[in-house]
Structures are given as C-alpha cells and as structure tokens.
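Chains as they are written, first to last, in our numbering: chain A, 1 to 301; chain B, 1 to 417; chain C, 1 to 325.
Among the clues, some could well be false.
Claimed, not checked - Below 30 Å or equal to it, Euclidean Cα-Cα: the simulated DSSO-like pairs (lysine-lysine) are:
#1 B:Lys200 to B:Lys414
#2 B:Lys284 to B:Lys204
#3 C:Lys74 to B:Lys368
#4 B:Lys175 to C:Lys74
What the hints assert, rightly or not - Simulated coverage check for chain C against chain A, where a stretch passes if three residues somewhere in it have a Cβ under 8 Å from a Cβ of chain A:
#5 103-115
#6 132-140
These are computed hints drawn from the structure, not numbers from a lab.
Each residue gets a CB set at the ideal place from its N, CA and C atoms; glycine is no exception.
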Amino acid sequence: MSWDYLFVQAANGAVVGVIYALIAVGVTLIFSILKIVNFAHGDLYMLGGYCAYYVIEYLGLPPLLAMVVAMGALFVGAIVLERLTLTPLYSDATERKDEYGLIVTFGLAYFLRNTAVIAFGPFPLKPPSFIPGVQRLGNLVVTNDRLVAGGVGLVLILGLLYFMQRTIWGQALDAVSQSRDSAAIVGINARRFNSFAFGIGAALAAAAGALVAPIFSLAPDMGVLPNIHAYVIVILGGMGSVSGSIIAGILLGESENLFTAFFPDPTRAFAYTNAFGVLVLMVFLIFRPQGLFGRRHLRME
Amino acid sequence: MRIARPWRVSAKLAVLIGGIVIASSQLVGTPAKAADPLKVGWVGPLSPPGGYAEGALMKQAAELAAEQLNAKGGVLGRPVQVVFADTRGKPEEGTAAAERLISQEKVVAITGEFHSSVFLAEMEVAHKAGVPIIAVDVWALSITAKGYPEVFRVAPNQALIATKYGDWIAAAGFKNVAVLFEKTDGGQSARDVLLPVLDKHGVKYEVVGADPNSTEFTAQIERFKSHQPPFDFFMTAYSEAGAYPMISQSHTLGFAPSPRTGIANSGGPAVDPTFWKNVGEAGKYLVTEIVGLPKNAWNDKTKAFVAAYRKKYNQPPSPQAIENYDAMLVLADAIERAKSTDGKAIVAALEKTDITLGRGRYTFSTGKDPDWAYHQFMNAPVALVQYSKVGQEAEDAPIVWPRNIADVKYTYLKPGQ
Amino acid sequence: MRGLHVYVLIAAAGLALALAGQLNAYWMHVAIIAMYYGILAASWSLLAGYVGLFSLSHTAFASIGGYTSALLVKWLGIPVVLGIGAGVVMCCALGGVIGWVCLRMSGPYLAIFTLGFSEIVRIAISTEDDVTAGMAGLHTAPLFQSATRLPYFYAAFALLAGSLLLMGFLVGSRWGLFLRAIREDEQAAAASGVAVARFRILAFAIASGFAGLAGGFYAHYIGIMTPSVGDLDEMAKLVVMTVIGGMERLPTAVGGAFVVEYLLELLRSYGQWRLPLFGVILLLTMRFARNGLVTPFWLRFVRLGEARVGSRSSARDLTRKDSAT
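Given only the sequences and the hints, what does the whole structure look like? Please build it.
So, in structure tokens, the structure goes:
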C-alpha cells in the first residue's frame with residue numbers, strides 16, 4: 001500500500017473523527033454532570049438536523065444561522081424534557097439513578113425516533129450545502145461541507161472548553177460534575193445546573209446534526225449509529241473529559257478508516273468496521289476504564 | 001416527603017394509561033365502517049428498523065386501490081377495508097401481524113411486505129390458515145420455491161432482477177466490478193444471484209458487505225479506488241437511507257459515476273421521491289431497475305394509475321407502489337371471479353388470473369420448473385434504466401436493458417460522452 | 001392463612017393450562033411470545049435487579065442460544081431438545097466469561113461494555129451469512145410437528161414455570177442473600193465474606209443460560225432466525241418490560257413482560273402511533289411508578305389472606321423491599 005493511500009485514508013479519518021467528537025461531547029457533558037447515559041442523544045442530534053433543515057426551507061435563513069437556531073431550539077426543548085422526565089434523579093426516593101436515566105432516555109428515544117418518522121416522513125432529506133465544492137490536495141478530496149463541519153465543530157468544542165474553564169458558569173458546571181454535594185455546599189444550585197447541562201448537551205448534538213445534514217442526509221433513524229459512536233468516544237476519551245472527546249473522536253475516526261482501508265479480507269473489512277470500533281472500546285474498558293483523560297472516581301453521589 | 005401508598009399510585013397510573021389509550025383511539029380511529037366490510041390485510045415495514053420509506057409508499061398505493069375499488073361499489077358488493085400492520089422488518093412481528101390479521105381481524109387475504117425474511121414467517125401462518133397471501137415486493141426465491149398454494153408473487157424475484165444486472169454488465173463490456181451489498185435479506189439475495197451470473201460471463205469482481213445503517217463510505221470507496229486493476233463498474237445493492245450519501249461520496253471522490261467507472265443501485269432508493277434532492281449531480285448516469293412497465297409500453301391502466309397516484313400524493317409512484325396497487329386489483333378480481341371469500345376458492349381463482357393491469361398482463365405460473373416459478377408472475381416487467389439528466393424521473397429515464405425494449409441505441413452511456 | 005397467594009397462583013396456572021385450547025391462534029401466539037419474554041425478563045432481573053449488574057447483552061445471549069441450537073440441529077441432525085440444551089450450555093459458558101471480564105466494571109461502564117458485546121455478536125452473525133444465513137433468515141427445525149400452537153404453549157409454560165422455580169430457589173437461598181448484598185454495597189459484602197467475584201460470574205452464567213434457553217425455544221418456535229433477535233431494539237424492549245413490571249423481583253419482571261407484550265399488541269390498531277405512544281407510556285411509568293407498575297399489586301397479592309394487624313404496619317411492609325418474592 002502506498003503512502004499516498006495511507007495519507008488519504010488517515011486525513012479522511014481525522015476529518016470524520018472531529019465530526020464524531022462533536023456528537024460525543026454533548027454525551028460527555030450530560031454524563032459527567034447528570035451522571036446518566038443519555039440514550040436519546042442520537043435522536044436529539046437527528047432533531048437538530050431536521051430543525052435546521054426546516055428553518056432553511058421555510059424561513060430562508062442561511063445554513064449557519066439555521067444551525068444556531070436549531071441549537072437554541074434544542075436547548076430549550078431539552079430543558080423542558082429534563083424538567084418533565086428527569087427530576088426524579090434529584091430526589092432521594094429514587095434508588096438506582098443510573099438505570100433510571102438509562103431507561104427514561106430509552107423511552108425518550110423510542111418516542112422521538114418513531115414520531116419523527118410520522119412527522120417528517122420516511123424519505124431522506126438534504127439541506128443545501130454550507131459551501132458547495134471540494135478541496136483537493138493531491139489524491140485527497142474533501143468536500144467543503146466536511147471541512148466546515150469539522151471546523152465549526154472544533155470551534156464549538158473549544159468554545160465549550162473555554163466556557164468550562166474560564167467562565168464562572170462553566171466552572172460551576174465543572175464543580176457539579178466533580179461532586180454535587182460539595183458544589184451545593186459552596187452555593188451552586190445543582191438542580192439548575194443539571195438542566196443547564198442537559199440543555200447544552202442537546203444544543204451541541206443539534207449543532208452536530210445541522211452540520212452533518214448536508215453531508216450524510218437526514219433520516220429519522222440517522223441517530224442510531226452516531227449514538228453508539230458517541231459512547232465509544234466518551235469511554236475512550238474518559239467520561240467527563242471534554243478534551244478527551246476530541247482526541248478519542250479522532251482516534252475512532254482513524255481506527256475505523258484504517259481498519260476498512262487495510263483489513264486483509266476486503267469482503268469483511270467494511271462490514272466489521274463498526275464492530276472494530278466497539279472492540280477498541282471494550283478493550284479500553286477492561287484495561288483502562290478511565291479512558292485516556294478521564295477521572296477515576298466517577299460515581300453517583 | 002412520604003410517598004403515597006405505592007399501589008394507589010400504580011392503580012391511578014394504570015387508569016391514566018388506560019384512559020390515554022382509549023381516548024387516543026378516538027383520535028386515531030378507524031374510519032366508520034359501512035355494512036359488513038371485506039377486510040384485506042396489509043403487512044410491511046412502517047417504522048425502523050424496517051425499510052419504512054418503501055413501506056410507506058406501498059401503504060399509500062394500497063389505500064388508493066381500496067378507495068378506487070370502493071368508488072366502484074366495492075368487491076362482491078361489500079366495501080373493501082384494508083387493515084394495516086407494521087412489521088418493522090422483523091420476522092416475529094410478521095408472525096404476530098399475520099396471526100392477528102387472520103384470527104382477530106378475519107381478513108380474507110393478505111398483501112404486502114418488503115422484507116423477505118419477514119414474509120417467510122408470515123407465509124407460514126397464512127399457509128396454516130389457508131388464507132391467500134400475495135407477495136408484493138419481496139425477492140427471495142424460497143418464497144415461491146417452497147410451493148405453498150396460498151402464496152402468490154407479483155414482484156419479480158432475484159432470479160429475474162439480479163440476472164438482468166449480470167447480463168447487462170457483461171453486455172456493456174465491464175470486466176472488473178466492485179460489488180457492495182447491504183446486509184439485509186434483499187442485499188444478500190442480490191449478491192447470491194448476481195455473482196454466479198458474473199462468473200458465467202467471466203467478469204471479475206470484489207464483494208463487500210455493508211451495515212444497513214452506514215452513511216459514511218469514504219474509506220471503502222478509497223479502498224476501491226486503490227484496487228489494481230481499476231474497477232470499471234460499481235454495482236450496489238443498497239436500499240436504506242445511506243444509499244444517498246454513498247452515491248454522493250462515490251461521485252465526489254471521483255470513483256463512480258466517472259468516465260472510468262459506471263455505477264448502478266438496486267433496491268429502490270434511486271426511484272424514491274427525494275433521490276435527486278439528496279444526490280444531485282451524482283445521480284446522472286446512474287443505472288437502476290424499474291419494476292413497472294417502461295413508459296413507452298404504458299397502457300391506459302398504467303397512465304390512469306400514475307395520474308391518480310400523483311394527484312393524491314403529489315409524487316410519482318414508485319415501483320413498490322405500482323406492485324401493491326396491482327396486487328390489490330388482482331386480489332379483487334380473483335374474489336369477484338371466485339364469488340366467495342373462502343380461501344381455497346380465492347386461491348383457485350388467483351391461479352386462473354388473466355387480467356391486464358398497469359404492469360402488463362398478469363398470469364401466475366403453476367409450473368414448478370424452476371421451483372420458484374410456482375405462483376410467480378413470470379412476466380413481471382423488469383427493465384434497467386440509466387439516468388441521462390439531473391432531476392429526471394425514473395419513468396422518463398432511457399431504458400438500456402433488455403435490448404428488445406430498450407429505447408436508446410447504446411447499452412451504457414459513459415459520463416463525459 | 002399465609003401462602004394463600006401460592007394456592008391462588010397454582011389455581012390460576014391450572015386454569016390457564018386448561019383453557020389454553022380456547023384461545024385463537026393469534027392470542028395463543030401472543031401468549032407464547034409473552035412467556036418467552038417472561039423468561040428473559042426474569043433472568044435479566046436476576047442479573048440487574050438482584051445483583052445490580054445492568055447488562056445490555058441479554059438478548060444477545062438469547063440470539064446466541066437460538067443460533068447455536070438451530071445450527072447444531074441443522075449440521076448434526078440432533079434432536080431439537082438437545083440442540084436447545086447445547087445452546088444453554090454455550091450461553092452459560094460465554095456468560096461466565098463475560099461476567100469474569102466485567103468483574104471490575106459497574107453501572108454505566110458495564111452497560112456500555114455489554115452493549116458493545118451485543119453489537120459485536122449481532123454484526124458477526126449478520127456478516128457471516130454463509131454460516132448463519134444472516135438477515136435472509138435461518139430456517140430452523142420446529143420443536144413440535146403440530147397443526148396448532150398448543151404444544152408450544154404448554155412447552156413455553158413449562159419452561160417459564162421451571163425457570164421461575166429454579167431462579168426462585170436461588171434467590172431464596174443464602175446465595176440470593178449474597179447476590180443482593182453485592183448489589184447494595186460490593187465492598188461491604190466482600191468485607192463480610194461474600195465471594196464477590198465468584199457470585200458475579202455465577203450470576204452472569206446462570207442468567208445468560210436462561211436467556212439461551214429462551215432463545216433456543218424461540219428459534220424452534222418461530223421457524224426463522226435473524227440477527228434482529230439480539231439487537232438493541234429487542235434489548236431496549238426487554239429493559240422496558242422488566243422495569244415497568246418491577247426490576248427487583250422475579251414475578252413482577254414476568255408480570256411486566258406480559259403487560260408490555262399485551263400493550264404492544266393492543267396498540268397495534270394505532271398503526272404508526274404504536275411506538276411513540278409506547279414511549280410516552282414508558283416515560284409516564286418511570287416518572288410516577290418507578291419501582292414498577294406491577295410491584296405494588298404483587299406485594300398486595302402476596303399478602304392475601306394475612307390478618308390485618310393495622311394499616312400502619314401494612315404500609316411499612318409495602319415499602320420494605322427485602323422480601324424474597
């Protein structure tokens with residue numbers, strides 16, 4: 001295999017990886033702060049994409065602005081959902097909070113996905129490109145949309161990092177993710193920040209959906225695979241680590257691409273790509289459960 | 001805060017849920033039933049993980065058929081009522097749906113289905129109960145090969161479709177084909193029939209299986225591109241939503257369609273309503289199959305159906321829709337001739353079907369050689385078309401195969417020509 | 001008198017068996033499928049409810065059991081019952097291995113790990129279609145040659161009853177106590193002398209074995225086996241069933257399976273709205289009756305015939321959750 005081939009596959013893997021990371025970052029946030037596994041994340045991503053599509057179709061807004069609108073809509077919507085369904089997480093009457101969150105988000109996913117088929121119709125839709133055309137570098141061909149998605153995604157993730165490390169609200173979020181009780185002691189309203197975190201997580205998922213729509217098209221079940229990718233990334237990067245998500249996302253994108261590219265049996269290479277990503281995840285869980293950058297002590301308090 | 005006695009909460013919740021269920025039944029209620037409706041069952045995927053896009057099209061066609069039949073006074077003087085069952089692409093749902101339709105709803109016959117594995121489960125139930133079941137868009141050979149008298153098929157099957165692709169690929173002069181199939185019953189059977197035909201013609205190929213949920217094919221396409229000798233054709237058997245990004249990516253990355261490499265997609269998405277919106281330019285020069293009559297052979301029935309479908313649903317009918325519509329009419333015709341709703345009588349009448357509808361003259365073979373010919377609509381039209389313009393509708397696309405109905409001189413239009 | 005509920009149950013069971021023949025084919029099918037899910041739900045509640053191991057690979061084991069049985073019967077021509085037995089053994093062994101691998105994992109980590117395993121199994125079965133027939137469906141030999149579904153009804157009933165008895169013995173014994181101790185606080189249990197590792201592995205092995213049993217029966221009942229038997233959709237449905245019923249007790253888990261299966265069939269007339277409505281019902285249940293809808297009814301039922309000592313003590317009893325049933 002030539003170096004050129006390797007370069008092309010690796011470069012594509014990196015671009016796709018950043019896109020995966022954007023989806024995963026929302027899961028990381030929700031997981032580290034609400035301590036729940038959000039199985040409906042893929043469907044929030046799907047809703048964000050559709051929202052942006054309809055905003056472009058019916059309000060005529062440019063795609064980037066539509067993305068912001070979708071983020072806003074999902075932010076609000078998610079907080080409403082959180083208030084409606086997740087508040088038992090905070091009362092002491094709930095015994096097993098981990099499972100509760102899992103199950104409720106299962107139910108949510110079921111509801112959202114199947115309602116989407118009815119509401120949006122089953123046929124795939126595609127909003128117009130952010131920037132039509134492609135960039136070429138030798139044999140490497142990357143569509144502008146992918147670069148935009150990767151770039152904007154990176155900006156959003158870095159923005160989130162900045163927010164969490166440099167602003168008061170972000171630091172409060174971080175505090176809640178480390179220890180809810182201690183955060184309460186210093187006067188942080190954990191309940192409010194939980195809703196806030198869920199909203200931000202959903203907004204990031206919506207952004208991902210809007211960015212990705214021109215690349216992969218919109219379909220009601222488009223969130224199924226990204227959901228699994230998101231979990232692989234969250235574990236690989238370390239639950240609770242936003243910067244870990246970026247690295248892990250790129251790592252996942254690379255491993256999938258390189259597996260498809262080089263696995264000796266061409267008939268099976270592509271078919272087992274997703275299984276490979278999951279296998280990497282499982283190996284990490286056995287030998288290094290805190291992932292690359294995660295904190296060791298993540299437990300319900 | 002003391003929680004209320006749990007069983008009271010549970011009881012209240014149960015009542016609440018019961019109330020919601022009953023209340024919504026009023027909203028989603030079935031239309032008012034006139035005197036003694038003739039119930040026909042419909043099975044197919046309407047939600048994930050099944051092929052819900054095609055299922056929706058089939059459902060629409062069945063509804064249109066029922067509407068038109070009822071406008072003319074129904075069947076045997078009774079209004080036709082179609083009872084729909086969502087089978088989601090899962091065999092156990094198929095069994096449950098078939099059982100419910102037969103034992104509970106007491107349908108006189110069943111039509112539909114898009115997934116072979118589900119139909120295989122459904123037909124067992126129908127066979128045990130002696131209820132006729134018409135396969136609308138399932139292509140597995142074993143469906144008719146099993147020899148159940150209740151089973152009839154209006155769709156072509158893989159032997160008829162994939163064979164055409166194989167023959168056409170050879171005739172068009174391709175020597176080195178990249179085959180990508182989706183890991184579903186449809187994709188698998190396409191591969192199983194296509195490869196031996198390619199072998200017969202001495203065409204070389206490489207086969208790749210893909211997860212039906214995939215949307216990212218870049219790595220695989222780059223791998224195809226790096227193959228030596230270069231592939232001159234990209235044959236895809238892929239029916240899920242990912243087909244669109246696949247075709248777009250293949251085109252953007254310069255693989256196919258391109259002057260060097262052609263592309264075909266079998267399975268349905270290339271003729272679905274949002275095809276062009278999703279793939280744009282990448283769809284030009286793509287080859288796909290249509291399982292209705294080619295436009296130059298349309299008879300009055302075809303034209304009437306297409307017009308009615310367009311009027312009601314604002315889209316051109318897909319092949320699956322045409323098949324489902326015709327299946328309903330074939331059934332109605334058989335019931336009228338049988339003058340009865342008894343299963344055996346309908347089966348006997350179906351065997352004698354000889355009616356011309358939108359897809360041509362319907363007859364069912366009663367021979368068993370080959371074994372899949374039994375109760376198969378042998379003359380099911382299948383044609384391969386190649387899009388020559390962006391935004392072109394499938395019915396207008398030039399037919400390239402079989403040559404006796406082709407309406408262009410070339411067998412394959414190379415991009416750039 | 002104490003234990004009245006046991007007699008009621010036995011009477012109800014007898015009635016069900018006697019009247020089974022009256023059911024039409026559709027409802028009999030629904031009942032059989034409900035019993036299939038009942039075995040799965042009970043064994044999953046053993047793992048997730050009693051031991052606290054929230055495994056998402058349970059339906060994958062059902063699929064492994066089903067395929068193992070179907071393939072062995074097909075290749076070796078052994079009787080179906082032996083095939084199912086082989087499937088059970090395979091699942092016990094594999095379940096034990098997974099349990100061992102997961103020893104240091106808990107909570108969401110365990111969930112995601114087992115989810116990963118489930119996906120790998122599904123992808124492998126679907127890809128290796130020259131062996132498994134993949135999504136085209138593997139035809140299986142039927143368990144009974146019969147014109148009606150009735151023998152399957154009795155078989156499913158026997159399997160469910162047998163499974164519940166066996167699992168009931170387990171949780172009622174000292175071992176059951178150990179399992180629950182592990183759920184409450186693993187370190188404290190270890191400090192009290194519970195061989196945590198051994199019991200975690202055992203729990204996985206036993207639960208997976210029962211899943212394999214259910215899967216084997218299912219394979220030879222439906223007649224066609226596809227990878228979708230073990231997919232995430234099925235696992236989600238199982239979780240929903242068990243939780244709606246009541247995750248922490250075997251009978252309530254089974255009750256949940258029946259309730260949800262019946263509900264899903266009932267909602268069929270809603271066409272496309274079936275699943276969204278189902279999601280809403282799930283959300284409502286989780287919001288307002290998170291210990292399970294069936295649990296409080298079961299707890300009352302269990303106290304049938306007990307003299308009323310006073311309303312306060314009944315209320316106290318209801319909220320205690322350490323009883324074995």
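To see whether the hints hold, each was checked on the structure:
1. Of the pairs offered as hints, the one joining Lys200 of chain B and Lys414 of chain B holds, with about 24 Å between alpha carbons and a cut-off of 30 Å not exceeded.
2. Simply put, Lys284 of chain B and Lys204 of chain B have alpha-carbon atoms about 25 Å apart, close enough for the 30 Å limit, and the pair holds.
3. Taking the CA atoms of Lys74 of chain C and Lys368 of chain B, the gap is near 26 Å; set against the 30 Å cutoff, the hint holds.
4. Of the supplied pair hints, the one linking Lys175 of chain B and Lys74 of chain C is violated, its CA atoms being roughly 38 Å apart against a limit of 30 Å.
5. A count of 9 residues in the stretch 103-115 of chain C with a Cβ less than 8 Å from any Cβ of chain A is obtained; the coverage claim is therefore met, three being the minimum.
6. Counting residues of the stretch 132-140 of chain C whose C-beta lies closer than 8 Å to any C-beta of chain A gives 0; at least three are required, and the coverage claim is violated.
The structure does not agree with the numbered hints 4 and 6 stated previously, though it agrees with the rest.
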